[in-house]
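Each chain, written out:
There are 2 protein chains.
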Amino acid sequence: MFHLAPLPPITFGAGQAMTLALPGTPRSVLLIADPVMRDLGMAERIAASLPCPCTIFSDIPGEPKAATLRAAVAAYHAARADVVIGLGGGSALDVAKITANIAAGSGEPMDYALAAAPLPPRAAFTVMIPTTAGTGSELSATNIFSGDTGEKLWIWGVETRPDLVVLDPELTTSLPAALTAWCGMDAFVHAFEAMTNRNGTPATALFSEHAMRLIWRALPVAVAEPGNLTARGEMLWASALAGAAIDLSGTAMAHHLSHALAGCAPVQHGLATALAFEASLPWLIETPTPKMEAAARALDCAAADLPAKVSGLMDACGINRALPAAFQGVTVAQAMTQARLPGNMPMRVATDRDVTDGDVERLLGAVLGLA
Amino acid sequence: MFHLAPLPPITFGAGQAMTLALPGTPRSVLLIADPVMRDLGMAERIAASLPCPCTIFSDIPGEPKAATLRAAVAAYHAARADVVIGLGGGSALDVAKITANIAAGSGEPMDYALAAAPLPPRAAFTVMIPTTAGTGSELSATNIFSGDTGEKLWIWGVETRPDLVVLDPELTTSLPAALTAWCGMDAFVHAFEAMTNRNGTPATALFSEHAMRLIWRALPVAVAEPGNLTARGEMLWASALAGAAIDLSGTAMAHHLSHALAGCAPVQHGLATALAFEASLPWLIETPTPKMEAAARALDCAAADLPAKVSGLMDACGINRALPAAFQGVTVAQAMTQARLPGNMPMRVATDRDVTDGDVERLLGAVLGLA
Numbered sequence: 001m002f003h004l005a006p007l008p009p010i011t012f013g014a015g016q017a018m019t020l021a022l023p024g025t026p027r028s029v030l031l032i033a034d035p036v037m038r039d040l041g042m043a044e045r046i047a048a049s050l051p052c053p054c055t056i057f058s059d060i061p062g063e064p065k066a067a068t069l070r071a072a073v074a075a076y077h078a079a080r081a082d083v084v085i086g087l088g089g090g091s092a093l094d095v096a097k098i099t100a101n102i103a104a105g106s107g108e109p110m111d112y113a114l115a116a117a118p119l120p121p122r123a124a125f126t127v128m129i130p131t132t133a134g135t136g137s138e139l140s141a142t143n144i145f146s147g148d149t150g151e152k153l154w155i156w157g158v159e160t161r162p163d164l165v166v167l168d169p170e171l172t173t174s175l176p177a178a179l180t181a182w183c184g185m186d187a188f189v190h191a192f193e194a195m196t197n198r199n200g201t202p203a204t205a206l207f208s209e210h211a212m213r214l215i216w217r218a219l220p221v222a223v224a225e226p227g228n229l230t231a232r233g234e235m236l237w238a239s240a241l242a243g244a245a246i247d248l249s250g251t252a253m254a255h256h257l258s259h260a261l262a263g264c265a266p267v268q269h270g271l272a273t274a275l276a277f278e279a280s281l282p283w284l285i286e287t288p289t290p291k292m293e294a295a296a297r298a299l300d301c302a303a304a305d306l307p308a309k310v311s312g313l314m315d316a317c318g319i320n321r322a323l324p325a326a327f328q329g330v331t332v333a334q335a336m337t338q339a340r341l342p343g344n345m346p347m348r349v350a351t352d353r354d355v356t357d358g359d360v361e362r363l364l365g366a367v368l369g370l371a
Numbered sequence: 001m002f003h004l005a006p007l008p009p010i011t012f013g014a015g016q017a018m019t020l021a022l023p024g025t026p027r028s029v030l031l032i033a034d035p036v037m038r039d040l041g042m043a044e045r046i047a048a049s050l051p052c053p054c055t056i057f058s059d060i061p062g063e064p065k066a067a068t069l070r071a072a073v074a075a076y077h078a079a080r081a082d083v084v085i086g087l088g089g090g091s092a093l094d095v096a097k098i099t100a101n102i103a104a105g106s107g108e109p110m111d112y113a114l115a116a117a118p119l120p121p122r123a124a125f126t127v128m129i130p131t132t133a134g135t136g137s138e139l140s141a142t143n144i145f146s147g148d149t150g151e152k153l154w155i156w157g158v159e160t161r162p163d164l165v166v167l168d169p170e171l172t173t174s175l176p177a178a179l180t181a182w183c184g185m186d187a188f189v190h191a192f193e194a195m196t197n198r199n200g201t202p203a204t205a206l207f208s209e210h211a212m213r214l215i216w217r218a219l220p221v222a223v224a225e226p227g228n229l230t231a232r233g234e235m236l237w238a239s240a241l242a243g244a245a246i247d248l249s250g251t252a253m254a255h256h257l258s259h260a261l262a263g264c265a266p267v268q269h270g271l272a273t274a275l276a277f278e279a280s281l282p283w284l285i286e287t288p289t290p291k292m293e294a295a296a297r298a299l300d301c302a303a304a305d306l307p308a309k310v311s312g313l314m315d316a317c318g319i320n321r322a323l324p325a326a327f328q329g330v331t332v333a334q335a336m337t338q339a340r341l342p343g344n345m346p347m348r349v350a351t352d353r354d355v356t357d358g359d360v361e362r363l364l365g366a367v368l369g370l371a
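Note that the protein sequences, when read in sequence, are chains A and B. The numbering used here puts the first residue of the first sequence at 1, with every later residue one more than the last. The numbering used here puts the first residue of the second sequence at 1, with every later residue one more than the last.
No lab work stands behind these hints: they were computed from the structure. Remember, it's a predicted structure, so these values are computed and weren't measured experimentally. The beta carbon of each residue, even a glycine, is placed where N, CA and C say it ideally should be. Some hints could be false.
Said to hold, decoys possible - Simulated pairs of lysine-lysine, DSBU-like, Cα-Cα distance not exceeding 35 Å:
| # | chain 1 | residue 1 | chain 2 | residue 2 |
| --- | --- | --- | --- | --- |
| 1 | A | Lys291 | B | Lys291 |
| 2 | B | Lys152 | B | Lys65 |
| 3 | A | Lys152 | A | Lys65 |
| 4 | A | Lys152 | A | Lys291 |
| 5 | A | Lys291 | B | Lys152 |
| 6 | B | Lys309 | A | Lys309 |
| 7 | A | Lys309 | B | Lys291 |
Claimed, not checked - Cβ pair distances, simulated, as ranges:
| # | chain 1 | residue 1 | chain 2 | residue 2 | range |
| --- | --- | --- | --- | --- | --- |
| 8 | A | Gly147 | B | Pro290 | 47 to 53 Å |
| 9 | B | Arg198 | A | Gly15 | 17 to 23 Å |
| 10 | A | Gly358 | B | Leu229 | 36 to 42 Å |
| 11 | A | Ala117 | B | Thr19 | 48 to 54 Å |
| 12 | B | Trp154 | A | Ser174 | 45 to 51 Å |
| 13 | A | Gly147 | B | Ala224 | 29 to 35 Å |
| 14 | A | Leu341 | B | Asp315 | 43 to 49 Å |
| 15 | B | Asp315 | A | Leu229 | 54 to 60 Å |
| 16 | B | Leu229 | A | Pro118 | 36 to 42 Å |
| 17 | B | Cys52 | A | Leu341 | 31 to 37 Å |
| 18 | A | Ala326 | B | Glu159 | 40 to 46 Å |
| 19 | B | His3 | A | Pro118 | 29 to 35 Å |
| 20 | B | Val349 | A | Leu229 | 24 to 30 Å |
Unchecked claim - Covered by chain A, according to a simulated footprint, are these stretches of chain B (three or more residues, beta-carbon under 8 Å):
| # | segment |
| --- | --- |
| 21 | 3-16 |
| 22 | 204-218 |
Kindly produce the complete structure, drawing on both the sequences and the hints.
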């Protein structure tokens with residue numbers, strides 16, 4: 001049995017971010033933008049295209065914090081916003097989604113973190129415009145931030161899904177090659193893990209299989225030809241679909257490992273996930289399940305062929321198999337402590353193979369060997 | 001550029017039709033059921049599972065007429081219904097969708113036929129439960145019936161989309177082998193034509209490619225093993241997705257021919273469509289478009305290989321290449337008259353190859369040669 005809830009409406013096309021269809025006559029827009037989009041002038045261009053005043057909030061660190069959210073809520077109230085637009089990667093979109101929802105309540109993120117209290121009904125109309133093709137946050141109800149003492153937290157709620165998703169490939173052409181590759185692999189792993197984990201359903205497979213096939217052909221092109229709007233568009237569409245897939249079924253072992261690593265030292269999420277996926281895939285498919293065979297079939301191969309194919313994709317995208325220098329000296333024991341945090345366990349449990357501590361230790365060791 | 005509007009919520013699973021999640025406390029249900037579902041006792045079983053009185057309306061001919069709709073509207077008012085459930089193939093679902101909408105207005109179908117007037121806001125909650133895996137009517141905003149003088153009419157409106165779709169494979173196990181094959185081929189052609197016609201977008205391809213791949217492996221199994229719930233479920237899911245695809249982009253040449261044939265003599269829609277598809281596919285792919293190559297790639301072949309593959313699928317499903325006896329004596333000129341009706345032109349125009357009258361005549365002649 002499965003249930004497929006309606007996705008938010010999605011508008012796709014080059015230039016669509018500059019002609020947003022907002023309902024009625026908006027009073028004031030809060031545009032929550034990644035600093036990169038601000039520096040590129042994209043946030044200003046979108047603001048100038050709107051039919052009402054627009055406040056740009058772009059004080060967003062790579063990993064949003066509770067303080068980031070409090071500042072965004074203050075900006076929301078100062079602007080008397082009735083529309084919130086998120087523009088950027090997963091961080092900016094998560095800040096925008098959380099802000100629009102908690103601003104209608106206490107405005108204090110910790111009141112809602114880890115489902116401490118139900119989210120209030122949202123007052124603002126929200127639009128999410130992703131500018132990396134990776135997280136799929138625009139179609140997800142999970143929103144990540146760090147608490148005041150650095151702990152990883154989430155606010156979950158279908159109420160945080162946007163009223164409109166705009167996929168505009170022109171916004172992604174400036175993404176550097178390495179980030180394009182890392183974010184694209186993150187989307188690929190979302191699609192693969194969502195459909196092959198214990199929670200995967202035929203509805204997940206609809207989104208995952210299509211996303212994997214698109215990424216397979218588009219990602220190397222997007223890396224090699226940054227201005228190729230067809231490949232950029234296919235990546236944007238695929239990563240949104242992969243976001244729909246994880247929204248249905250979550251992720252699995254590669255994300256379990258990746259989150260544990262991220263707890264030890266700073267690392268781009270897509271890179272950590274790609275390295276963890278490549279390290280864990282041969283282990284995962286030792287006894288392939290029907291879901292794993294179905295995922296492989298979508299890529300025109302058998303499950304046993306997947307590790308070589310995935311490594312080939314990463315080669316084609318020029319991904320250097322190395323963790324940042326900050327990981328030198330990080331021990332498996334440190335990473336295991338992170339892996340065992342309660343927030344990290346659902347991904348281990350969802351993995352469609354029984355997982356021992358020894359498995360996690362060995363796989364973390366393999367990735368840490370790349371430091 | 002494309003826009004993907006939200007699909008209705010979909011619940012899938014064996015037995016789900018007997019545990020419908022209706023909102024609040026319904027007052028009275030009008031269950032619009034195919035006569036076959038009534039005769040099999042399925043309509044009674046669903047009625048008995050409901051928490052409120054239920055009136056069963058099953059006076060539905062193979063091709064619903066304006067009079068059918070008037071009688072259904074009268075039943076709706078007599079029952080003081082606040083829930084309308086459609087149970088059956090495309091005919092029963094179309095009657096249910098139209099009834100629930102026009103009953104809130106004048107109740108007269110001709111007032112709304114061919115978009116004569118906008119549909120009123122619906123008062124009843126609607127649930128669509130398909131029992132054939134073919135039309136995809138449960139996810140479509142197009143609803144077909146015949147006028148008082150026999151002319152084919154439609155009522156279109158996103159307002160007619162249901163509040164809930166329930167896909168219960170147990171309801172489809174009684175479908176005879178020939179109907180299973182014909183309806184399944186109809187769904188396959190929906191998926192193929194929607195993504196490959198001039199209106200096809202990447203959103204169409206999401207639904208179409210998945211539907212085609214599912215039908216490819218599940219349809220021969222469903223024909224050979226009527227009780228195989230996995231294959232029946234895959235067909236039901238695939239035909240719904242194909243319905244979502246035609247709702248986005250419509251159909252093309254095979255449906256143009258099939259509708260023209262149906263205007264000449266009675267023929268099951270899926271059979272006419274399958275025969276028209278097999279006859280027209282070699283012509284269509286003489287100069288394959290990128291969309292046609294993409295459709296072929298989803299089936300792991302090149303466009304040039306599609307005619308042989310499709311014929312192989314029809315063979316595997318035991319489809320006898322024959323029109324009903326009533327077609328003996330029907331001339332190409334008669335069929336051309338039907339093909340030229342205004343309601344039949346959009347499918348010709350959408351076909352992604354320039355179509356001459358000579359093409360249509362030749363292809364209609366080829367299908368009529370099977371009479």
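(request) Compare the structure with the hints numbered earlier in the document and write down the numbers of the violated ones, lowest to highest. (result) Violated hints (numbers, rising): 5, 11, 13, 14, 15, 17, 18; every other hint is consistent with the structure.
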